[in-house]
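J.: Read off the chains here:
Protein chains: 2
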Amino acid sequence: MIEHHLKTILEKTLQELSIDCVIFGFHAGELKVLLLRWKATDGWSLPGGRIYKDESADNAATRILLERTGLSEIFLHQFHTFGDTNRNKYFTEAELVQKLEATFGSNFLAQLVDKRVVSIGYFALVEFDQVQATPDWYTDECRWWGISEVPPLLFDHNEMIERALKALRQQIRNQPVGYNLLPEKFTMPELQRLYETILDKQFDRRNFQKLLMSYDILEKLEEKRIGVANKSPFLYRFDKQKYEAAMANGVSFSM
Amino acid sequence: MIEHHLKTILEKTLQELSIDCVIFGFHAGELKVLLLRWKATDGWSLPGGRIYKDESADNAATRILLERTGLSEIFLHQFHTFGDTNRNKYFTEAELVQKLEATFGSNFLAQLVDKRVVSIGYFALVEFDQVQATPDWYTDECRWWGISEVPPLLFDHNEMIERALKALRQQIRNQPVGYNLLPEKFTMPELQRLYETILDKQFDRRNFQKLLMSYDILEKLEEKRIGVANKSPFLYRFDKQKYEAAMANGVSFSM
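In order, the protein sequences belong to chains A and B.
Position 121 (the first sequence) corresponds to 121 in our numbering; numbering is contiguous.
To get our numbering, take the position in the second sequence, counting from 1, and add 1000.
Hints in this document: simulated from the structure, not taken from any laboratory.
Some clues are possibly wrong.
No farther apart than 20 Å at their CA atoms in a straight line, the calculated lysine-lysine pairs in the PhoX-like style are these [what the hints assert, rightly or not]: (1) A:K12 / B:K1115; (2) B:K1012 / B:K1053; (3) A:K115 / B:K1053; (4) A:K53 / B:K1089.
In this text, all values refer to a predicted model and were calculated from it rather than measured experimentally.
Use the sequences and the hints to build the structure in full.
T.: Here it is in structure tokens:
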């Protein structure tokens, strides 16, 4: 099985390029990122993959995201290409090399991992509850990690998450964020918590609501959230058409 | 000589990747972009090149920029990676193929140009007067083109310019722009004209000055511009340290 995957990659995909995906989800008031643990090791990495010779980079990223999360048609943004020469630096560590060779055979490292590869980074914003996380053929486990609890990762993947987060913060200042990250219906405090989490900053409740309502992308529903301690807050949802127009034209978020 | 360049590229550089540079200059109140005309053809393209096997993508971009403009230590920003499968679509046009084969031999197209290559796009902001534009080994001529007069280009280079301009516009809303694009000393109307040109929009003179001064990056000099028709406007220059701090921390330009 491993030989089959290796053969496919060597014959059918670009050899000097890969895709890595920083998949952000929002759950219990926390921004999380989906990571994979490599088979029989403690080494974690971002989900990623190769580009078929006849496949565009964007299509490859969409396919990889679908394979790992079961989701299509979600927000996917190319944020940076990582072109340093030593991105594979961890694959000289004796213990890791030993474990990988025992599991995958020696060709795996030599022909696939321990080579210079330039990687195109994409970030995705996904609705946490909708994700069916599925490990890759070379990984044992998928797990969501809180953004502040991410362990040291293989390759330059910690730097990738840093840069993706920076790009997301840049984006949130110029475009609305929330569609895909939140469930269909949400409360204003939930939306505010999302903004606060991404920007790592607290906002005044009233000013936040006023600014977000001024974008004219939110629809206030008649329903209220039931079962919340103090009072029952109203539910909102995004007007998808207006949301998309705001994505295209830009909005200014500065608080 | 051509054989030598071809051999070097095939043996010493990455084969599936290239770099392309959108070099913006500002001259006579107009935003311009540096283009190259391919030898013995009417085909224009952006300056670009390959990445050596032991060279990072950023270093390759810096080197290519230095080779084409004579400038180092200038603002260079990776803005997008172009990964479509048909980027080389123009190299099937009979007339172009004929001319290129006559000049470069048939290997040039088959081994170098008419293949799938993914390109990392960088944009640079340069001081127009400082540039010593130098053609590449496969080009006859370097020329500055006004951004609105760019001809149809080889590869997907028109799309690259569009995207670079979009990235520059995004940047100008979050970071100061002007250092590198303007001469050391400049007037407030010249700075305003730069912003207006990039954003393709007119601003009120007083509001513009007020906003730009609020960034605390400009130093008003005692000198005035002499020889201007009506009155002699004061000269300004950027305080480099404060400018760099504003680049790192961000500023909000919304008018």
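J.: A separate judgement is required for each hint: does it hold in the structure or not?
T.: Okay, the hints, checked on the actual structure:
With a CA separation close to 15 Å, the supplied pair A:K12 and B:K1115 stays within the 20 Å bound. Distance hint between B:K1012 and B:K1053 is fulfilled; the C-alpha atoms sit about 6 Å from each other, no more than 20 Å. Under the criterion of a C-alpha separation no larger than 20 Å, the hint pairing A:K115 with B:K1053 is consistent with the structure, at around 11 Å. With a C-alpha separation of about 16 Å, the suggested pair A:K53 and B:K1089 falls inside the 20 Å cut-off, and the hint holds.
Every hint, counting from the list given before, is met by this structure.
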